[in-house]
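Q: Fit the two chains together into the complex; they arrive one by one in their own frames, and the hints show the way.
The listed protein sequences derive, respectively, from chains A and B.
Under this note's numbering, residues 1 to 749 are what the first sequence spells out, in order.
Under this note's numbering, residues 1 to 199 are what the second sequence spells out, in order.
In short, the hints are calculated from the structure, not lab data.
A few of these clues could be false.
[As the list claims (entries may be wrong)] Restraint ranges, calculated between C-beta atoms of paired labels, are given here:
hint, chain 1, residue 1, chain 2, residue 2, range
1, B, Gly125, A, Gln263, 19 to 25 angstroms
2, B, Glu51, A, Leu24, 50 to 56 angstroms
3, A, Ala178, B, Gly125, 31 to 37 angstroms
4, A, Thr179, B, Glu51, 40 to 46 angstroms
5, B, Asn96, A, Val107, 47 to 53 angstroms
6, B, Gln153, A, Leu137, 50 to 56 angstroms
7, B, Asn96, A, Thr262, 50 to 56 angstroms
8, A, Leu105, B, Asn96, 47 to 53 angstroms
[Said to hold, decoys possible] Negatives, chain A to chain B, calculated, CB over 10 angstroms:
hint, residue
9, Gln170
10, Asp336
11, Asp347
12, Met349
13, Gly412
14, Thr551
15, Asn566
16, Met577
Keep in mind it's a predicted model, so treat the numbers as computed, not measured.
For glycine and all other residues, C-beta sits at the position ideal for the given N, C-alpha and C.
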Amino acid sequence: MVTAGLTPPPVQKPRWRAVALVLLWAAIGAGALLLLAKSVQNSGEFSRLQPWILLLNIVGVIALITLLARKITQLVRDYRAHVPGSRLTARTVAIFGALVVAPLLIVYLFSLQFLNRGIDSWFHVEVKQGLNDALVLSRAALDLRVREYSHHTENLAHSLLSTPAEDVAQRVYDERRATGALEMAVFGAHERLIAASFENPLESMPTRPPPDLLRQVQEHRSYVSLEPQAGGEYLIRTAAPFSDSVARSDTRYLVAIYEVPTQLAALSEAVQHAYSQYGELAALREPLKSGFTLTLTLVLLLAMLAAIYGAIFFAQRLVRPVQDLIEGTRAVGKGDFATRLPLPSRDEMGFLVHSFNDMTKRLRRAREEATRSRQVVERERERLAIILARLSTGVVVVDRELTVSIANQAAGAILGTDLSAARGRALPDLTASNQRLGQFVAALVVRFAAGREEWREQIELEGGAAGRRTLMCACTPQPGADRDVGYVIVFDDITNMLQAQRDAAWGEVARRLAHEIKNPLTPIQLSAERMRKRFLGTMAPQDAEVLERATRTIVQQVEAMQQMVNAFSEYARAPEMHVTRFSLNQLANEVADLYRPHDPRVEIRLDLDERIDSIEADRGRVRQIFNNLVTNALEALDGVDSPCLEIATHLEQGGDARYAVITVCDNGPGILRELLGRVFDPYVTSKPKGTGLGLAIVKKVVEEHGGRIDADNRAEGGARIRVVLPVTDSTRSAPGTRERRGELRREIV
Amino acid sequence: MQSIVASMLRVEPLHLRSMLIAALLGAWAAQACADALDGVLEVRSAYVSVEGGVFLLHARIEYPVNPAIRDALHDGVILSVDLDARIERERRFWFNADVVDLTLRRELEYHAVSDRYLVRDARSGDQKSFATLEEALTDLGTVEGWPVLVEPQLTPGHYRISVRAGVRRGRLPASLRTLMFWTDDWHRVSEWYTWSLPG
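Next up, chain B with everything else stripped away, as it sits in the complex (with noise of 0.2 angstroms):
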């Protein structure tokens, strides 16, 4: 078995648009954040390994934890705790081409008739309990071997890839989404964490 775990290059923002948009909301978003997911969330490292030509993400992610969100969980919310993979090949003249762009969406509940905090892969339906909330943290911060990309996706050129996590207030009726557009304080995410993949 092949391994080969990818050295962190650098970390930037991702985007400009991001730049532009975060410069217009300014003081705005800073207030929203602080109120509810007040805390630390960001990828504190990451890597990739390579098993039989497939490409295997692992992270370490720390998510937020405060009174707001504990009260929030026990209220009944649920909490979507989301890991964003992206793969870029970097392009001279042009705007770098996404190869991969994938998200890992978990959930975070709080299940009250059992007194314990659940943890839902939201795809796969699977879950786990936990008798505490920063158990159930740890858990959804450690992420090991997400299949990101296969060998044959890449072709010859320097790629990129950058992780972020998110954290945001899940199930929300649809109808109301839209108008959660304003006050909804319950949705945040990292910086991207970004490096090169070695050629």
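If we strip away everything but chain A, and leave its shape as in the complex, we get (with noise of 0.2 angstroms):
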């Protein structure tokens, strides 16, 4: 039986049990030859061994139908069972049975009727009736002696009647020899001795009467016959009485002994030899037939039973690898590829059974194979996943239908949604609650629905709390797999970048006009002045007003150029950082003290964390950030009723890092909504006044010191600008600011 799970290897049964077997079966069979021979040649000894020899073959076959009936039982069991191999073996055991039983019982009645037919023959009429007819002829030849002789004895003992006592030996003695007697003896009462002559000289008694011959005597009667010798010689004893009285006790009687010829006395013996035999045999003809009958019929139910418990035997044997094959292979099919099958032999099925061990050896390797190439798989999605996880590009999987297999946590970031519960689950289900992920799928809902498949393009992005964000988005088949399977999709918030490329060109636009527009503003203001005081005096008094006011404008517009061209090169001053210790409160404190007198109406309130003791940084350029933050939001407030202006602090544990946050808040109208994702950009500003360079000044030098900005609406109204420093110069040196500079710095250049 093949179990599931790690299977010991197969011991082989052992020879002795078959050598047992065969001793066994050697043993009684020579046992059984031992007792024939006795039997043979002992008929005593075949008497005592007779109940020996009937227990033993009824012990035999007891136990062979034994055998049978549970090997029977047995199939049939497992022919019901459906027991793999049982039908094999039921039809081997049919087709053996069919092939051993049909010869037996062929030759069991070909033998009965020639033995009843031959023993019928032994005992024709003819045969027997001739041999009566000897017996008759035999009976008649000795009768005719046999009376003859008795007649003569008669005769003779009539005769002696006359004869005197003292001649009667002689007279007996001359009878003797005149017939050829062999004794002759002459009794009286009490069977007393009278005379007697013998043909051997040797013996002296006469041979004693037997009973009958004496009762018949004794009854007046004549006595007569015929004695078989053993040496195949016939006596013919005949006595006759006589007597001078009537008185009985007076008789006396001749016994004469005749011996029959030879020739007839051996022919006698051969007909009752014949007879004798015949009739032996005759009365041993309806025994021998039931013998002959109840022997085959033995022999043939032992072979029968042998043949057909040999059947099922060897039909077991045959099957039993066919049944190991079967388990073994159900074992395969459960996976149980440790299956080890016993070799049966050296045959063909041995060769078949060492296959499939071969086979199930080859495929627990190739399985274990599988098992380390799927670990390997394993663990290459692992690292995948982990590289997805750490990925700062998003990146979605998806079939056709938009269903998602596979959803990094970027993707999750950049579309503004959790996506770590979306495998399995259509895009288009998850939208509901996220505009810029429904903008997202109708963008990928539109290039699939045109056919397209492969596609690398930049997608713009609408609404929610981050404002427009540009993501530039790939997608393309997912490779080696059905083209219906899915599609890959790359993107990646560009929306910095973009921003990082405009603050460049704006940098440059800067430069450039510091550069051309600054040198020829200081000719023209001094040209214009020079104008003005030569001319003034010399002109009449009209002429001189308009040239006041026209080199008076000449001049405050060269003034306001320069400003502007200062502030130009202001923002595209290259960084020079001079970094120190200082206060961040301090400085705080410092810029509202100084803008507190600016505006008297504006409230300017202060929230400082008293936890931020020191910060390290330019100290001009953070007291500039603070510089344009309140000037921008003075300006915002221009025109509000009871202006208020709240400048906090706050410090914030990032991991190892510590941030200082700078909020700038006021109660003013707020950013405009459009302009909400590029407040930071140059130019960019909703007051009549302003170069629009303030905030995108604040924004690079924030950028400058690795620090971030943002800029929102407060609910209660009014805009809120949110600075986040990095409290040590360390900090600014960590690698998430370094690779933040050097993006800055790529997308520079």
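A: If you want it as structure tokens, here you go:
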């Protein structure tokens, strides 16, 4: 039986059982032969062994029937239970049984017929009749002699009546010699011997008369008997009583014994012998037939039972490897490749089992190889997942129905939604609460609907707290798979990169403006002032007034242009930072104090975090940040009732780094919604005055310090600018900051 | 001459084996015997006498006589009339030891030519003829002075002597004897007649 799991190597059944069986059968056969030989040689021994032989046969038949019944019961049970191999066993047994039983039955029936007819043929009626006739003839021939001798004895006995007593012996002697009798004797009453004569001179006493002879002569009757002898001879014993008185007590009798002639005796003995043998055989006729029938039946029964048992035994032996193979195949089907089948023999079945074992071994190796490959793939997938998770680029794998199979964290961050649970769900189902994702999905749908499968385009997403975002999106069918299976969509938020490019472009513009415009302004201003100084006193009052107005306008405009050029120059100035340690809160106080007198209407509040004792930064530039933010807020508060400006500092902990957060809020009109994403771009302003460079410069300074800035509108009204600066200079040189700087540098280049 | 007449002590089955086989064969054997050899077959009496150091067995046996036997004899069948004698020395903790196991074999035959019954000693070949079957059986049933043991064969101990009579079909050809295994209803033995030899 093969079980799941690791199966121990099969152990070959010991051969001693087969050897013991063969020896047992050989011993039984030898014993049977011995019994047969003994019974044939010695009838007495046969009689003694007969019950044992019968017992042995009965035990053998019972044992065979028991074994066969067990085998057949098991076979039927297996057949009904559809045990593997049972049908093949049953078929094999049926075929073997038919092959064995049919010839056995034919031989049995033929033998029965042959023996019965053969035995019957021994006892022809003619033979029997012939023997009877021969017997009658023999009897007739012997009877003739018997009567002759009997008559002669009677005559002699009668003549002895007249013979004197003293002559009786001589008379008997003479008569014996004359008739050739073997013995002749005269007895008186009470078997008293009166006279006797013998052919054999060594004998002195006559043979004692048999009782029936005595009975007859006492009844005055003659006696005669034919007595066969051991050597095939016949004796005729005759007796005749004679008496000269009526008194029975005086009765004498003559006993004479004659020998039948040798030839007649031999012939008669031959007839007797033949008759006896025929009679004995005839008496054996029916017992012989029954004996033959029963013996043949027993032999047939034993042979059939043994043959059927052998057929079942060998069929099961033959089928056992097949059953093992079936069990092994089922085990392999269940995934148990450790199955090892016992090798039955070195024949073709053994080769098949060996091949099966070899196959399972190869399958096991292949499965192990597949497991290793799967583990490698799993590891690769884990690595890929880690890489995807660490990527700042969004990666989404969808099918044509936009059902998500892979979505990394960056994708969710860029699209402003959590895609960790989106696997197996369609992207359109997730767009309900996310406007940006809806626009993204709409862009994908449009392109897929157009039959485009591989594209790389920029997608603009509007709305959301982060404002307008620009994504660089690339789509390609999933490599190595069916084209319907899926698409890999890779996208990156390039808004900041575009912003940096814009910043760099504006810096270049500012530098050129500063360089190209600033130089001619001073000669223009000086020329205008010299022109007014030289010609103002020489000209008519009306003309002088015109000149005065014109030159003043020129000078004012030139100054205005110089201011603008200075602002551009400041924006385009190369970063040269002088980092010192100073108190941020103190700087905030100074700026507030500076601006409080500027417009008394405006209430400037301070909310400073005492935990920020000092900060490592360029103090002048941080002051410029405060100045620009406060100036920007004050300009926004122009015309606002109860204007209020709030400057707050706050310490934030981000991992190992600490950040100082500067928040400047006002209760003005706030930032226009359409400008919210571009408020830090140069020349983006909603105010009638101003260069539009204030917030752009602030952003530039903040980024130079490795910080970040964002702007939004407060729920209660007014704008809020939030600046995050690293507290220590080492934090700015942290990898993240360097990366950001590198990215900025790359964007600028 | 010293003569010792052994009195009969008991009659019992000699071997358990016989009982077992008799039980196994059961009705089959009974049925088989009932057909041909129906009638009384038993040892009526038996004793031993000692003459000159020779133990002589004397027995009276009744053999069955019925028309089937008579017919069979007239058809030529020869009957073997056996008398088994067995002397055992008793042992306390083991099977008894066989000292003597003898069989007196005689044959009874009808001589058709002379119309007489012959009784023949199977070993010596001596034969006697009788006019009637009854006379022949009477002769067969009278065993006088059959020497079965001599004194030197005996060692101190208790001895038991058993006598059993048997009748079976004789002179069966050897090749047919095995075949007659099944249907040989011409074979019957009497119970053992057992008594102890005085020590």
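Q: Against each hint, give a clear statement of whether it holds in the structure.
A: Hint check:
1. B:Gly125 x A:Gln263: 19 to 25 angstroms: Since B:Gly125 and A:Gln263 have Cβ atoms about 23 angstroms apart, the given range 19 to 25 angstroms holds.
2. B:Glu51 x A:Leu24: 50 to 56 angstroms: 54 angstroms, holds
3. A:Ala178 x B:Gly125: 31 to 37 angstroms: Holds: the Cβ-Cβ distance is about 33 angstroms, inside 31 to 37 angstroms.
4. A:Thr179 x B:Glu51: 40 to 46 angstroms: 43 angstroms, holds
5. B:Asn96 x A:Val107: 47 to 53 angstroms: At roughly 48 angstroms between Cβ atoms, A:Val107 and B:Asn96 fall inside 47 to 53 angstroms, so the hint holds.
6. B:Gln153 x A:Leu137: 50 to 56 angstroms: 54 angstroms, holds
7. B:Asn96 x A:Thr262: 50 to 56 angstroms: Holds, at about 53 angstroms.
8. A:Leu105 x B:Asn96: 47 to 53 angstroms: Holds: the Cβ-Cβ distance is about 50 angstroms, inside 47 to 53 angstroms.
9. Gln170: For A:Gln170, whose nearest Cβ neighbour in chain B is about 32 angstroms away, the distance exceeds 10 angstroms, so it holds.
10. Asp336: 54 angstroms, holds
11. Asp347: The claim stands: A:Asp347 keeps its Cβ more than 10 angstroms from every Cβ of chain B (closest is about 42 angstroms).
12. Met349: A:Met349 is indeed farther than 10 angstroms from all Cβ atoms of chain B, at 43 angstroms.
13. Gly412: Consistent with the label, A:Gly412 stays out of reach of chain B, its closest Cβ about 96 angstroms off (over 10 angstroms).
14. Thr551: 159 angstroms, holds
15. Asn566: 140 angstroms, holds
16. Met577: Non-interface label stands for A:Met577: nearest chain B Cβ at 125 angstroms, farther than 10 angstroms.
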